[in-house]
Every structure is written in C-alpha cells, then in structure tokens.
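Peer 1: Chain residues, written in single-letter form:
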Amino acid sequence: NAGVMQNPRHLVRRRGQEARLRCSPMKGHSHVYWYRQLPEEGLKFMVYLQKENIIDESGMPKERFSAEFPKEGPSILRIQQVVRGDSAAYFCASRITGSSYEQYFGPGTRLTVT
Amino acid sequence: GENVEQHPSTLSVQEGDSAVIKCTYSDSASNYFPWYKQELGKGPQLIIDIRSNVGEKKDQRIAVTLNKTAKHFSLHITETQPEDSAVYFCAAKGPGGTSYGKLTFGQGTILTVHP
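Note that the protein sequences, when read in sequence, are chains A and B. With our numbering applied, the first sequence corresponds to residues 1 to 114, in that order. With our numbering applied, the second sequence corresponds to residues 115 to 229, in that order.
Bear in mind the hints are in silico, worked out from the structure with no lab data behind them. A few of these clues could be false.
Claimed, not checked - Computed Cβ-Cβ distance ranges for the label pairs, DEER-style:
(1) Ser132/B with Arg15/A: 43 to 51 angstroms
(2) Pro61/A with Asp173/B: 35 to 43 angstroms
(3) Gln50/A with Lys182/B: 44 to 52 angstroms
(4) Ile76/A with Leu160/B: 35 to 43 angstroms
(5) Glu197/B with Gln80/A: 36 to 44 angstroms
(6) Gly98/A with Glu170/B: 18 to 26 angstroms
(7) Glu18/A with Ala184/B: 41 to 49 angstroms
(8) Glu63/A with Glu170/B: 43 to 51 angstroms
(9) Gln50/A with His228/B: 18 to 26 angstroms
(10) Asn53/A with Gly115/B: 41 to 49 angstroms
(11) Arg175/B with Pro8/A: 20 to 28 angstroms
(12) Met26/A with Lys172/B: 21 to 29 angstroms
To be verified - Covered, in the sense of this in silico footprint (three residues per stretch, anywhere, with C-beta under 8 angstroms from a C-beta of chain B), are these stretches of chain A:
(13) 44 to 52
(14) 102 to 114
Note that CB positions come from ideal geometry on N, CA and C, so glycine has one too.
Work out the full structure, taking the sequences as your base and the hints as a guide.
Peer 2: Here you go:
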C-alpha cells in the first residue's frame, strides 16, 4: 500500500516565479493537510482540505498562497511570486475518513528560492 | 490557539540508556497527542500516539504517558539504539469542530544515541 506521495521532492525557483507542489494521499484517505517546516523549526499548519473543499485555511498566508484538492487528481499547493522567505520544506499529510486521528506524512517538497 | 512546548531541544545518550522527551500543551480541550520521528531529508513518521481518555500507551521500546491535569505528555524510549537517532516531534490536536484535526507541533528534540 503506497504511502503519501509528494512531488517534486526538490524545487528551485527564482524570486517572482510560481511554485506548484503536489500531494497524492494514501489510498482511501480523503483528508489532506499541508504543513510548512522552516529550517531547524517545527512544522506549522497551513491548510486542511477534503475533496473539492477547503475546510480550514487559518494557517495560510493571505496573499500568494492557495490550495486545492480536486475531485480527481492530487492536492496542489500553489505559491505565486515566490520570495526568499518561502524557502522551506512543505509536507502534506493524509487522514482516513471517520474517527481516526492519525495523520501520515509524505516525504516533503524542499523549495529553494534563489 | 493551541501552543505546544517541547524539551529538551537536544538529548544525547549512550546506547542502551533510556531517553525521555517532554511536552506541555495549553488547550485543555486537546484530545489527541501523537509523536513523530523525522530522519534527515525525510518526512515525519508517526511512531506512537495517545488519546486523552488514556493515561499511558506502550509499543515495544517506546511508551507515551499523558497527564491531563498538568497538561503534559512524555515520550519514553528504552534500550536506545543508534538507529533511534533522529529529530522527535510531539504534537497536539484540538477538539473536533474547532480545530478540524490540525496538529500543533512542538519545536523538536534532536536525539543522538552514541554507540
């Protein structure tokens, strides 16, 4: 059973470009969470999505960041006009529907803005 | 919102010794407390978790204890091995309906096990 998949694993963007990060949850999981990890820091919640719905985006910067989880295909975290401060590791986690609380993380996408 | 504090930030032990990492949380309504292990260049791996209706849980060499009154929980690793060396994160989840399952993480503990 494949785990959470993220791609690309490494992404280099110049300031002002767009970054698109993809996350495919575990089979049977319909809840996706995105977290950001700055160097030598813990993980910070960004957004929680279910299929075709954003449930909680309280951790997402108001500008330049957006997320989606379409009916078909992976969840996408999009960062427009990247700045150096966006350089970080971005992780997604998935959770199965129901009373289970366990979140399983992907390997992350390491974004470097030059 | 929820705030999680984790100590120590670094921990160095000899192989075979025990290691204890402690976390405190601020929201008394939090009801789920997982622990993750993160190796260099990898994503966090869930190693053990506990719900608020349980005081202790054990899985082979690792155990977690929860003190709801004091709002703290701890990870215990016995008979440590070099492959236990990693960064460990604690986390807390608020009650459903208000937190939607999002986790609030501690700052992490770098555990080094010396052979």
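Peer 1: Each hint: holds or not?
Peer 2: Quick rundown of the hints versus the structure:
no., hint, in the structure
1, Ser132/B with Arg15/A: 43 to 51 angstroms, "holds (48 angstroms)"
2, Pro61/A with Asp173/B: 35 to 43 angstroms, "holds (37 angstroms)"
3, Gln50/A with Lys182/B: 44 to 52 angstroms, "violated (30 angstroms)"
4, Ile76/A with Leu160/B: 35 to 43 angstroms, "violated (24 angstroms)"
5, Glu197/B with Gln80/A: 36 to 44 angstroms, "holds (41 angstroms)"
6, Gly98/A with Glu170/B: 18 to 26 angstroms, "holds (25 angstroms)"
7, Glu18/A with Ala184/B: 41 to 49 angstroms, "holds (47 angstroms)"
8, Glu63/A with Glu170/B: 43 to 51 angstroms, "holds (45 angstroms)"
9, Gln50/A with His228/B: 18 to 26 angstroms, "violated (45 angstroms)"
10, Asn53/A with Gly115/B: 41 to 49 angstroms, "violated (22 angstroms)"
11, Arg175/B with Pro8/A: 20 to 28 angstroms, "violated (35 angstroms)"
12, Met26/A with Lys172/B: 21 to 29 angstroms, "holds (26 angstroms)"
13, 44 to 52, "holds (count 3)"
14, 102 to 114, "holds (count 7)"
The structure fails to meet hints 3, 4, 9, 10 and 11 from the earlier list, while all remaining hints are met.
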